[in-house]
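S.K.: Residue numbers (our numbering), protein chains in the order written: chain A, 638 to 1077; chain B, 638 to 1077.
The set of hints was computed from the structure by calculation and includes no laboratory data.
Careful: at least some of the hints might be erroneous.
What the hints assert, rightly or not - Straight-line Cα separation of at most 16 Å, EDC-like style, residue types lysine to aspartate or glutamate; simulated pairs:
id, chain 1, residue 1, chain 2, residue 2
1, B, K945, B, E869
2, A, K831, B, E800
3, A, K945, A, E869
4, B, K831, A, E745
5, A, K945, A, E915
6, B, K831, B, D843
As the list claims (entries may be wrong) - Sample of chain B residues with no beta-carbon within 12 Å of chain A, all distances over it, derived:
id, residue
7, Q790
8, E800
9, A813
10, P897
Beta carbons are placed, not taken as given, at the ideal position from N, Cα and C, and that holds for glycine.
There are 2 protein chains.
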Amino acid sequence: MNLNDTHDPARSSWVASAREPDTDFPLQNLPYGTFSAIGDAAQRVGVAIGDQVLDLGAVHRAGLLHGDAADAAALAARDGLAALMALPPQPLSALRAAVFSLLCNGTETSARAQAQAADLLQPARRLHLHLPCQVRGYTDFLASEHHTARNGQLKGLADPVPENYRWVPVAYHGRASSIVVSGTPVVRPHGQWKTAGGEVVFGPVDALDFELEMGVFVGRGNPQGTPVRTAEAHAHIFGLCLLNDWSSKAVQWWEQMLGPFLGKNFATSISPWIVTQEALEPFRIAAPARPSGLPALLPYLRTEGHAKAGTWNISLSAALQTASMRDRGAPPAVVSRTHLRHLCWTPAQMLAHHTSNGCNLQTGDLLGTGTISGPDDESRACMTELTRAGREPVELPCGERRPWLADGDEVVLHARAEVPGFVPIGFGQCRGVIAPAQPY
Amino acid sequence: MNLNDTHDPARSSWVASAREPDTDFPLQNLPYGTFSAIGDAAQRVGVAIGDQVLDLGAVHRAGLLHGDAADAAALAARDGLAALMALPPQPLSALRAAVFSLLCNGTETSARAQAQAADLLQPARRLHLHLPCQVRGYTDFLASEHHTARNGQLKGLADPVPENYRWVPVAYHGRASSIVVSGTPVVRPHGQWKTAGGEVVFGPVDALDFELEMGVFVGRGNPQGTPVRTAEAHAHIFGLCLLNDWSSKAVQWWEQMLGPFLGKNFATSISPWIVTQEALEPFRIAAPARPSGLPALLPYLRTEGHAKAGTWNISLSAALQTASMRDRGAPPAVVSRTHLRHLCWTPAQMLAHHTSNGCNLQTGDLLGTGTISGPDDESRACMTELTRAGREPVELPCGERRPWLADGDEVVLHARAEVPGFVPIGFGQCRGVIAPAQPY
């Protein structure tokens, strides 16, 4: 089969659940993750297909791969997903094509794979999913002007969007150690803040928020002192995941002086599957046009003429399920629907800016997009915007209201790449339930 | 010999250079670092003694250590310094006592060590010194109110020291990947800033600064969700080093919105030797008194009654040597003299604050103190303060003037812990020379 054919919508998998129309993981996706079997500490690299996980090491040991694909799978099985992420595009493409072929109905290799399916595939629900790799450095951008403007307005700033915003892809370094995989409960943190009455207090935080973002995993890094150009940034992007930038807002507002610190570094959740840049290829769209009237971008940030410096056609949602909704079997209620195109900076621009001073990125680094809010009310992608900082609580089914997240609330993020003529692919879920604060 | 006697000023080493009165590394110091021999890629853990480095693995293989000390040295030799840093205090004390005994004149074990000195010791000048360990997370505090106030005044802020400053140990997450060891040239970065004429430009930065800080290396970490109390913070501090937080100030001021990012993340230099908390024991001083008139600290930040939550009696200096001074053999000219007591937050308070929301610290994390400026002009610990943001250039010997750092300038940081009745100990040097910008 043609190596470039891994997006062919006419193909489908012999794994039945991968043919369901609403699956996030059809044959055309093939995202990577790290899993362990229950009762076995060993972490292994897998590929999601429908509701199953393909064990890459088992596939390799079964002799179903050859050449570059076999080498790449062996590397992943021995050294983990980060080793795979550091590879150049060619062996990664070879591995994707080989896995596609194995899992595709009616190819030469798939009959052998199907015969050994019990050794190669395991139901995802019976596995522990871990962080895909150790996150080295974590940087979070602020790429939605809508999010920036609404926050600035809530704070009563004279200039809700500061002058530098449309020149600089604003970002801060986040905390990598506290990044957790979807499903990990998030304990309500303690923090210091100033109350409306002017008192400075320390205790379990009240104004607890989610922020709907995507994470961009760096594949190949760059040496210190060697910037990556916008045109070449795609060669350093391994893939994307969902990211929930949990925030305690009163703490963040009070501590603000050198950027977010304890207001955010207690936990950041990501989805377990990295959807590769190659899987996202059919869903590319151009970088958003710069609004008329603004000065031209500095040359190092321009995307014109760089086919892979744009963004992707990815729609996203955040849903909320309270404890009482869960008890009654009510599904999570969608509170936000938005789209990656609402961001004014693309991942390629973020990567070019981050390295423009010679800062070295490393395999396993994660770049957050910032809250992906759009212009409409529906696309407000955090509680702060949705509730106007707690003043207008979100109304939930069953009559509950939320100015902020309450203990027992679970936030579920989703995303899906869609474009006519191709099979839609999804990102799985990024879930996290708020656990009560522990005594300090 | 008495295990608690490793600070005894009556003892001295059979290594002659460790008896020089101005050595940073007398017998009572014994800092840890990571080195390799020239032409040998293998990185090894060593202890600085005078102008020599003791190879901990060689000492272990020679059978000169026993019990906990032998186990600790074996661990370091096999897994690197980070493995040693993660140990609890008891084996670390045992190793310190054993190394002290080996290097001390007239002890039982020292005769054997001295007989094998050629195998155990190597002159530091013939070795490559590396980062002591991989820095996991890097957080930089802003613990000098004097630095904060002078910067606020230069910016013309109505409140140069914001209201939250005396409540919150303000900090931001820095970039770990670009931390380099002393001696690594620092390439002048490119950056984006707004000129005095109002134009936004991108190019090699002009306003390049050093910032004299100390770094606190975390030994044992804490699990996510489990804060470390101020009283217990000392049990998580492995030791201290020098830190130069290189900054391009015009970039930092222009990008400022979520804290320092490209203005600082191109490079941070640290000294190669970690002076352990145990070595610093005689030099402890209490946390600075809170100025009268301020509200009491929140309980979680109080140090009263916690003997090890204070700071240390450490004086510091920064010196500058231009290329032409180097050519003429002129020594670096001291431009700043300051003291750790000028900070208003102690390392224990920093660690307690950082973890107060459950954020997990890990072995090998580095906490920067922030620029250690004091009240006097002499104690201004960066160019921004010394030159009032370039307006009043520093006058150097030979008639040179510097509004900011120029290509070829080398910055040399020093620090020394001193207290009557004990042998002073130093931190070695943290050096870095500015290399010209590379073409973008």
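S.K.: Next, verify each hint and record whether it holds.
M.R.: Tested hints:
At most 16 Å may separate the alpha-carbon atoms for a hinted pair to count; K945/B and E869/B meet this at roughly 8 Å. With a C-alpha separation of about 10 Å, the suggested pair K831/A and E800/B falls inside the 16 Å cut-off, and the hint holds. Annotation: proposed proximity of K945/A to E869/A holds, straight-line Cα distance about 8 Å (limit 16 Å). The straight-line distance between the Cα atoms of K831/B and E745/A is roughly 61 Å, outside the 16 Å bound, and the hint therefore fails.
The suggested pairing of K945/A with E915/A holds, with an alpha-carbon distance near 11 Å, which does not exceed 16 Å. For the suggested pair K831/B and D843/B, the alpha carbons sit about 12 Å apart, so the restraint of at most 16 Å is met. No Cβ of chain A approaches the Cβ of Q790/B within 12 Å, the least distance being about 15 Å, so the stated non-interface status holds. With a least beta-carbon separation of about 8 Å from chain A, E800/B fails to lie farther than 12 Å from that chain, contradicting its non-interface assignment.
Here A813/B does not stay apart from chain A, with its beta-carbon only about 6 Å from theirs, under the 12 Å limit. Listed as a non-interface residue, P897/B fails to keep its Cβ farther than 12 Å from every Cβ of chain A; the least gap is roughly 6 Å.
Hint compliance for this structure: hints 4, 8, 9, 10 are not met, and every other hint is.
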